[in-house]
Amino acid sequence: MTAESRTTAGVHDLVVVGAGPAGLAAALAARARGLDVVVVDEQQQPGGQIFRRPSGGLTAAGHRWPAGYPWGPDLLARAAASDVTWRPRTTALGVLRGEAGTPLRLAVSGPDGPDALAAHRLLVATGAYDMPVALPGWTLPGVVTAGAAQGLLKSQRVLVGHRPVLVGAHPLLLLVADQLVAAGAHVAEVVLARGVPGPAEAVRALPAAPGHVGLLAASTAAVGRLLRAGVRIRTRTLPTRVLGEDRVEGVELRRVDSAWRPVGPARTVAADAVVLGFGFHASTELARQAGCATRWDGAGGGWVVTHDGAQRTSVPDVLVAGEPAGVRGAEQARAEGHLAGLVAARDLGAAVTGRDLDRAHRAVARARRFSDVVQRVFAPDLTGLTALATPGTLVCRCESVTRATVERTLAANPHVSTANAVKLECRTGMGTCQGRYCEATVGALVERATGRPMDQVGPFTAHLPVKPVPLAELAALGELAAAPPEPAPSTPAPCAPVPATHLP
Amino acid sequence: MSGAVDGGPRAGRVAGPRGAGFALRVDGRDVTAYDGESIAAALLAGGVEAFRTTADGEARAPFCHMGTCFECVVRVNGRSLRACLTPATPGDDVGRVDEREPDERRAG
Chain A
1 MTAESRTTAG
11 VHDLVVVGAG
21 PAGLAAALAA
31 RARGLDVVVV
41 DEQQQPGGQI
51 FRRPSGGLTA
61 AGHRWPAGYP
71 WGPDLLARAA
81 ASDVTWRPRT
91 TALGVLRGEA
101 GTPLRLAVSG
111 PDGPDALAAH
121 RLLVATGAYD
131 MPVALPGWTL
141 PGVVTAGAAQ
151 GLLKSQRVLV
161 GHRPVLVGAH
171 PLLLLVADQL
181 VAAGAHVAEV
191 VLARGVPGPA
201 EAVRALPAAP
211 GHVGLLAAST
221 AAVGRLLRAG
231 VRIRTRTLPT
241 RVLGEDRVEG
251 VELRRVDSAW
261 RPVGPARTVA
271 ADAVVLGFGF
281 HASTELARQA
291 GCATRWDGAG
301 GGWVVTHDGA
311 QRTSVPDVLV
321 AGEPAGVRGA
331 EQARAEGHLA
341 GLVAARDLGA
351 AVTGRDLDRA
361 HRAVARARRF
371 SDVVQRVFAP
381 DLTGLTALAT
391 PGTLVCRCES
401 VTRATVERTL
411 AANPHVSTAN
421 AVKLECRTGM
431 GTCQGRYCEA
441 TVGALVERAT
451 GRPMDQVGPF
461 TAHLPVKPVP
471 LAELAALGEL
481 AAAPPEPAPS
491 TPAPCAPVPA
501 THLP
Chain V
1001 MSGAVDGGPR
1011 AGRVAGPRGA
1021 GFALRVDGRD
1031 VTAYDGESIA
1041 AALLAGGVEA
1051 FRTTADGEAR
1061 APFCHMGTCF
1071 ECVVRVNGRS
1081 LRACLTPATP
1091 GDDVGRVDER
1101 EPDERRAG
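In order, the protein sequences belong to chains A and V. Throughout the first sequence, residue numbering follows this note's numbering, covering 1 to 504 in sequence. Throughout the second sequence, residue numbering follows this note's numbering, covering 1001 to 1108 in sequence.
Okay, chain V solo, but in the shape it has when bound (with noise of 0.2 angstroms):
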């Protein structure tokens, strides 16, 4: 049996066989992604634990992975899209959302 690797605190890739890593802009930071990966897919392996925080400062992340959720729509390269539903491509400029009114952003 194959333990996980490259993963963040809490999800993380299978081993085995991956196509080509890049690098995707999260919120000004790297994370890897490898071909055939979903945005959402490479954003948990990478550690994100929050894709959305809303107005009253909860962390949400993805819930349904199939696209009926919402939970994980993130900003990529300024279009709002499902990140489960994305394929991750090299130089990804992705955003997470964030609803709380700007002061009360500092917190979380």
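In isolation and in its complexed conformation, chain A is listed as follows (with noise of 0.2 angstroms):
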């Protein structure tokens, strides 16, 4: 990958937003069809959260790949080969539209400030995120993500607690707890709220599973590792309050029913962090700035972004891969960040073949066959999950906005119906999350209070920029959007052959 620290004149080919599997696959794939390709991405290092890595003096102690995706290290080997322009640290804001029939620009802020890249298509390739679940206690320093678990130990060599508890009910959570117990964690229990697969499930997901057997044979390791490690694995129980003052001192659990009602009474466990694992929410603000159709897929991820089966979206120049698409995993997500590199390729007149798209999309049917089973095993119940805050539970954590809060406006105000009109009324989404902590907590509340569906309750609206930039910067930004558009070619940019290497 070539570093390139600015860029403001030319329009780019494609920009990708995320540098995970979803969006390498597709700079590879155009790249290889001789596209101009820029790949944007948050972090220092390319490979999204599921290849996160130490950098700097951290690499000394070597890093493990994560199992099941033997296919990781060449994707990154090959990334890094790669002419691709790369822009680390770099967030992107949202896309700018010019006069009719001028490029899309990406407005993204770096290290060098705020830029705009004009490009003839966008993939959005952003990813997932932890689901937060609103419960008493949440906001208290010490209560974290599955993920966020997972990324200091990977990238940072920390353990987030001595005395970890983690709770969920994503098979995730299960390899955190086995690589925190690795790196000497006391893990005082593992606590998921429905039965873990069993033999019988395991053995129907396999057939559904080429390629994955190693990931559920990872899974299952790790539960023999757990136990032999003495690590207690609870079923069937949900967090019912973080317990502490300034910072987790434990926390309060009971058994729950098959709806996820708390059933038994409440016992309590000693722990320094809580590690919550439930499923993830595809991160969609930037399609949905870009003004990218969506629906509610609660299984699936929340609000995902709908696509014509070729990774196309309702705008014509923005594509879309991976979990932002629905949140199906890595495998998925490399398979069809392949295709929307080559339709990419393809609508921008570069030659691809038949037989080539033939195969990305086998290749994207048979990962689905996986992470359908994945989805219907795992899907989150988001009612049984909504329940657990209480009226002085924060479900904002940006604005400290209760679910008591979010209730009354939603009774002093019959008129409104939808989670955007709820956030307008009680700042709930108005801070610096911009949203993405609280949307489907209040979405759910308002589909209890109005009986209306989540389809018509809607996702919040997503603004320019759709994460926060300090205001110098936005002032810079306007500037970018009030520029006149640069001179779009008339035909996209020639498309060179590629030496061989970079064919993927």
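Hints are computed from structural coordinates only; laboratory data are not their basis. The structure presented is a predicted model; accordingly, all values stated were derived computationally and were not measured. Think of the CB as a built atom: it goes at the ideal place given N, C-alpha and C, for glycine as much as any other residue. A hint or two may mislead.
What the hints assert, rightly or not - Chain A stretches covered by chain V per the calculated footprint, using a threshold of three residues with CB under 8 angstroms from any CB of chain V: (1) 56–70; (2) 112–125; (3) 320–327; (4) 390–404; (5) 431–439.
What the hints assert, rightly or not - Far from chain V, by Cβ distances over 10 angstroms, these chain A residues were calculated: (6) Gln49; (7) Ala80; (8) Arg295; (9) Leu357; (10) Glu425.
Hints are included, so try docking the two chains, each in its own frame, into the full complex.
See the structure below:
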């Protein structure tokens, strides 16, 4: 990858947002067909959350690649060797539109300040983030997501706590617990809202899992190691409260029924960290700001971007791949990314064979057979999770808005029937995370109060900038938005032949 | 199995090779960081409990560690940055965010 500090002139063929499996596979496929490709990512190194690695002096300790994705090291090596333009530590802020017929420009903010990247095609490969669960005490220091616990360990070699409790419903939690134990943590307990998938479920999943047997085996091995290490694994149990004044001191747990309703008495477990792993939300704010149509898919990551089966969104020059199109894991993200790269190349006039496209479609279909099973078996019970918030529980972490405030707003404003209207009335979702951590809870509360389905309750509207930027940069962004668009070439950039080493 | 070393009251570094250590200034006190660490990791391992104090006086700390939640935003050499995405560099001057009115701050 070529580092580029700044581009202000020229129109790129393809700008990819997100350097995870989807974004990298797309960038490589498009570059191999001659496109001029830029990849934008917030992290220092490509790979996405799944392949987070140490950097600098921390690399001395070595790195273990996640089990189940044998193609990971090769994908990253090919990305590193390719000449796609790499913009690390750069946040995508939103799509700027000029006059009709001019290419879109992606506003970004990086180490050198704001910039705008003109492009014939934009690929949204922004991944997913851990699903927030608003339960009493979830804002205390020491409560973190499973992704945070894993990221801190993998990229920083830091344990989130010496005695963590892990609570959730996603199989990732078992892998994280295993990694924490291996790093020296005394995991107090692993608590799952559902029963651990038994042998019968695992066997049913196997035919749908060519190439995924390693991942299933890794999960099974992790459970075995946890049990041998004496870690207690409790199923059909939910956290009902995190205990502590200024930091986590423990967690209150209760047995739940199959609808995740607490049925048993409360018990408490002492802990210095609580790790939440209930599943994932698709990161779709950039796609939404760009105008892409979305639909609600509770099991598939909340609001997900719709596409035409070839990764084209409802906006003609914007494609989507990976988790924002439905949270389905790294294997499918890579397959969708590769397809998106080919489709972008073909739509811009590059030579892409029908055989290559067929193969790419088949790879997506193959990955989907596995991800369908995972989605079905591990779908979070959003009604049960919403019920964990008591009236005094903060729904919006940023603006400190409680569940009671949201419900009072709904009661006082009978005309309010969308998540967006609630946001405007009581500031939930108006803080720095821009609604990412309260949107689904607010939506569920509106659904509950009005009886309207989530598709009508709707998401929050995403505005430019989709992530907050300092005021000075915002002013510069305004100038970029007002600047006349770059002259658009009448045809896409010529597709130059690419050395064979770039071919995926 | 290795134990955590050089830890704060909660989070801690896993034993193993690290790069060069250096000091950060965090609200006037020194916190050690090692080459390759993010500011968030250095603060957590250095025993910093609260990255932000809300207007209601509640302590907050990193939640997502992937740049989405913005709970780890601190002032780094005068710029508001997400600590989890910002590599620590020698001599960084880090200021935590306190949203309380000035006369309410002494209690915390």
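Tested hints:
no. : hint    : verdict
1   : 56–70   : holds (count 6)
2   : 112–125 : violated (count 0)
3   : 320–327 : violated (count 0)
4   : 390–404 : holds (count 3)
5   : 431–439 : holds (count 5)
6   : Gln49   : 6 angstroms, violated
7   : Ala80   : 18 angstroms, holds
8   : Arg295  : 22 angstroms, holds
9   : Leu357  : 33 angstroms, holds
10  : Glu425  : 20 angstroms, holds
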